[in-house]
Each structure stands twice: as C-alpha cells, then as structure tokens.
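Using the sequences and the hints, build the whole thing.
For the protein sequence lines, the chains are A and B, in the order given.
Heads up, the first sequence is in my numbering, so the first residue is 39 and it goes up one at a time.
Heads up, the second sequence is in my numbering, so the first residue is 1206 and it goes up one at a time.
You may find that some hints are simply not true.
[Claimed, not checked] Label pairs and their computed distance ranges (CB to CB):
no., chain 1, residue 1, chain 2, residue 2, range
1, B, D1463, A, G179, 30 to 40 Å
2, A, Q181, B, Y1362, 47 to 57 Å
3, A, E124, B, Y1362, 38 to 48 Å
4, B, A1293, A, R176, 33 to 43 Å
5, B, T1442, A, S120, 52 to 62 Å
6, A, S46, B, D1457, 54 to 64 Å
7, A, R96, B, L1291, 17 to 27 Å
8, A, T48, B, T1442, 57 to 67 Å
9, A, Q42, B, L1465, 36 to 46 Å
10, B, T1218, A, Q139, 47 to 57 Å
11, A, Q139, B, T1442, 51 to 61 Å
12, A, V133, B, P1462, 46 to 56 Å
[As the list claims (entries may be wrong)] Below, a list of computed lysine to aspartate or glutamate pairs in the EDC-like style, where the Cα atoms sit at most 20 Å apart:
no., chain 1, residue 1, chain 2, residue 2
13, B, K1207, A, E134
14, A, K193, A, E124
15, B, K1433, B, D1356
16, B, K1385, B, D1356
17, B, K1234, A, E134
18, B, K1234, A, E71
19, A, K193, A, E134
20, B, K1234, B, E1220
21, B, K1207, A, E71
22, B, K1207, A, E59
23, B, K1433, B, E1458
The set of hints was computed from the structure by calculation and includes no laboratory data.
Since we're looking at a predicted model, the values are computed, not measured.
Ideal placement from N, C-alpha and C gives every residue a C-beta, glycine not left out.
Below, each chain spelled out in residue letters.
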Amino acid sequence: MDRQLDISLTVNGEAVTRRVEARTNLVDFLRYELGLTGSHVGCEHGVCGACTVRVDGRIVRGCLMIAAQADGTEVWTIEGVSETGEIRDLQEAFVERNALQCGFCTPGMLLTLSEMMERFPDAGRDEIREYISGNYCRCTGYQAIVDAVEIARAKGGSS
Amino acid sequence: MKPAPFAYARAVTLEDAFGLLTEHGDAAKILAGGQSLMATLNMRLSEPDVLIDINHIQGLAGIEDTGDTLRIGAMTRHVDIETSPLVAAHAPLIALAMTHIAHPAIRNRGSIGGSIAFADPAAELPACAIALQATMHIAGRDGTRHVAAADFFRGLYETALGPEEILTGISVPKIASGWKSGFMELARRHGDYAIIGLAAHVEISGDTFGDARLVFFNAGDRPVSAQKTAALLRDRTWSDDLADQMAESLKDELDPPDDLNADGPMRKHLAGVLVRRTLAPLAAPLTGEQ
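Set out below in structure tokens:
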C-alpha cells in the first residue's frame, strides 16, 4: 500500500490537486504545499486551536486530520474568508478593540468565532468564552476578544 | 511533532475494512473521527503502518428512533448528537454530556464510536453508556454481536472488541417516565479532560428516589459504577444528611488514581461534591430542573 496518494479538493474556492504523503496533516498541507501560512501550527495535538480551518462548512483542527481525508472536501482558511469579506466586521472589531497582540491565535480565533456567531447569534459572554475555550490566546486574556464579538454583532453582525 | 510514516486506506464497506484488518493485523489502526488517534500519532505514542479510514462506509453514521431505543451509528459525529432533537428528547444524559466533550472544532469531527472504542477512562460517553445500560453493536466477519455497556469496558483503553471487529453503533434505551439524568464534571478549563466526572441516571417519584445509577469517569481504569452508594438513594428524599452519607460511602467505594491533576483522596472528595451538585437539582425540580 502506498504512503503517497493523490488528492483533489477545493481550497478557498479553487480546485486543487496534489500528491501528498499519507502522514501529512491538513494544516501542513495548506502551509507547505499551498503556501497558505495564515493557519498556524502550535501544539500539534489538538489543544491550542491555532490550526483551525473550515472543512465542509465546519471548523476542525488542521493538525488532527490528515490531508488525505480532505480529498473531495471544501476547505476554507483565514486567507479565503478574509478575501471574501465574510468576516470583515469581526476583523474590524478585533482591530478596534485590540483583540490581538502577537496575532498567532487570531486566524483560528476568527474562524471559531465566525462559526459561533452563525450557530449561536445571541451567545452571551460566558457562552462566547466557552466556544473559544479550545483556542489559546496567551496575550489578551480573552476579555478584548469577547468585547470584539459584541462590537461586531452590534454593527450588524456579519460574522 | 509529525507522525511516523504510514499508509492510508479508505474503506468504503465493512467488508473492505475487515479485509484490511486481516491483511495488516496489529500494524493497522482504524481511523474514525481521529481526534484522539491523530494526537497520539503526532506525538508518536503510536506508530501504525496503516490507517484504515472508516469515515466513508455507508450506514455507519446517523441517529435512528427504533421504538424503545435510539440507535446511534458509530461514525455519528459529536456535533450531530449535540444538536439532535431525538437525543435531547430521549437520551438527555447524552445531550447534557456533549458540551463537556473537548471543544467545538473537535466535536465537529470526533465520533461517538471512536470515543467508546478508544475507551479513555476520562471520556464522557463510556460513562453515559453504562449509566443508560446501552448496548454496543459489534460487527465481525462472522456477523454482528451485541455487548452490554457494562461488559464492554475491560480496562485501561481495553474493550470487548476483538482485533478484527468494528464497533458499528450503540443502542440507548429511551429515558423512561419517572427517570431523570444529571451530568457534571470538574476540569480546570472547560473542555479539558475531567479531573473526575459523574453521569447520573435516577428514578425519582415526587421527591423520593428509586433506582439509581451513578457512573464516575476518570475515577479508575474504566468507568466506575458506584452501586453501593447509588443504593443509598432508594426510598429516600434529598437532604444534606443523605449527601454526607453518600460522600462518605464513595470514599470506601471508589479507588481513584493519583496523577498530576489530583491525587486519589482529592478525587474521592470531588466525587462527593459531584453527587451533591448533580443530584440536588434533580430532587428539586422547581429550582433547577435538568
């Protein structure tokens, strides 16, 4: 059985075909094969959330899924959702409220929060914190991140 | 870290998967949701030669109302259980447990079958399966067999699954009238593995308890059903005195391990705290129905 295989998927709306090592995880594939370095690699065992990307409409850990499993799926990364403007209000609120410092967690944080705003548009502060409990931020203490969600929502809520 | 090299095989039918298991034996691992497996591979705690991906086998995912039970397919992802009206209505214990399982991104991918077959002693769903007296459906080349949850978990990460068998689903009896469920766990951060947790399923008529099942997780090498302590509830109403008796009883009945998060005596203490916090609201529906 081969340790290399061909995969075809859609990334940020574009069709992609590549030959990958079976052991290559999704986030490394996006970063090294496609040059999409917005998704970050932190702990590599599913704890920190820096590698969060969207696969078939749901956020996942890019380090806990191999690229081979993404064959046939539709993947969106921070680059894609930034370009479409889908999360513009949230991004502007992050800037306005200083909801980042080093920025390492930010792409994963934004993708997680955009899913939360879609699933739970009325989430209170505790629920927001619960939803991002799987995304580590070592700079902000989370307060400003939660504030940013409230600001983005008040602006009309495009997550 | 990166995983050691392995080959990847996508099974499309159970027959495919059995063929691959026979061919590769111990060198193969089944890839379900992958949310525990991939982490252990990344840390090189495990170095299989082949991953057999069962995500594309038809019929392994979904929640079905079969009359007296809910049949939940092994590849049903946590998020689909969390948002299922059937589960909320008929298996509230599982519904309560779901949001304690890791984090949204992990629940989007992780599966109930993976969680049960992996049998982490700190996992929520094995304890729920025992408390609800669920049945595990196991497929092998020679057909399907059915194992009671209480007989399924055999030790640390050990289950009744044979080397060439696959867990295909779990049947959960619907909650009977007069029964209530409560679920709670103590963790330093929401979504982390519990220091200790409790899945409670109790019969209560008016304010008087009847049958009760109290299953603790991360309290031993597998889920621990505290039957002696649960029996103290029979024909009693809730009181501080009863809570104290149960907490005392748990100190005898449980033998939890020491680790970096807590030592055994602390876990025993926390077990009593969990009983109090979980059962008091069930006994006082007006102040906190669950």
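When you take the CB atoms of A/T48 and B/T1442, is the distance between them in 57 to 67 Å? Cβ of A/T48 to Cβ of B/T1442: about 60 Å, so the range 57 to 67 Å holds.
Could you check the hint for me, namely that A/V133 and B/P1462 are 46 to 56 Å apart, CB to CB? The hint (46 to 56 Å, Cβ to Cβ) holds, given that A/V133 and B/P1462 are roughly 47 Å apart.
Hinted pair B/K1385 and B/D1356, Cα distance within 20 Å: It is violated: about 24 Å lies between the C-alpha atoms, which goes past 20 Å.
Need the status of pair B/K1207, A/E134: alpha-carbon distance at most 20 Å? 37 Å, violated
A/E124 and B/Y1362, beta-carbon distance inside 38 to 48 Å? 41 Å, holds
Going straight from one Cα to the other, do B/K1433 and B/E1458 come out at no more than 20 Å? 7 Å, holds
Cβ separation of A/R96 and B/L1291, checked against the hinted range 17 to 27 Å: About 20 Å separates the Cβ atoms of A/R96 and B/L1291, which means 17 to 27 Å holds.
Holds or violated: B/K1207 with A/E71, Cα cutoff 20 Å? Since the Cα atoms of B/K1207 and A/E71 sit roughly 16 Å apart, the hinted pair holds (cutoff 20 Å).
If you check the beta carbons of A/S46 and B/D1457, does the distance land in 54 to 64 Å? 60 Å Cβ-Cβ, so the 54 to 64 Å window holds.
Agreement of B/K1234 and A/E71 with the hint, judged by alpha carbon distance not exceeding 20 Å: Violated - the C-alpha atoms of A/E71 and B/K1234 are around 26 Å apart, more than 20 Å.
Given the hint of 52 to 62 Å, check if B/T1442 and A/S120 actually sit that far apart at their C-beta atoms. 59 Å, holds
Is B/K1207 close enough to A/E59, meaning Cα to Cα at most 20 Å? 12 Å, holds
The structure fails to meet hints 2, 13, 16, 17 and 18 from the earlier list, while all remaining hints are met.
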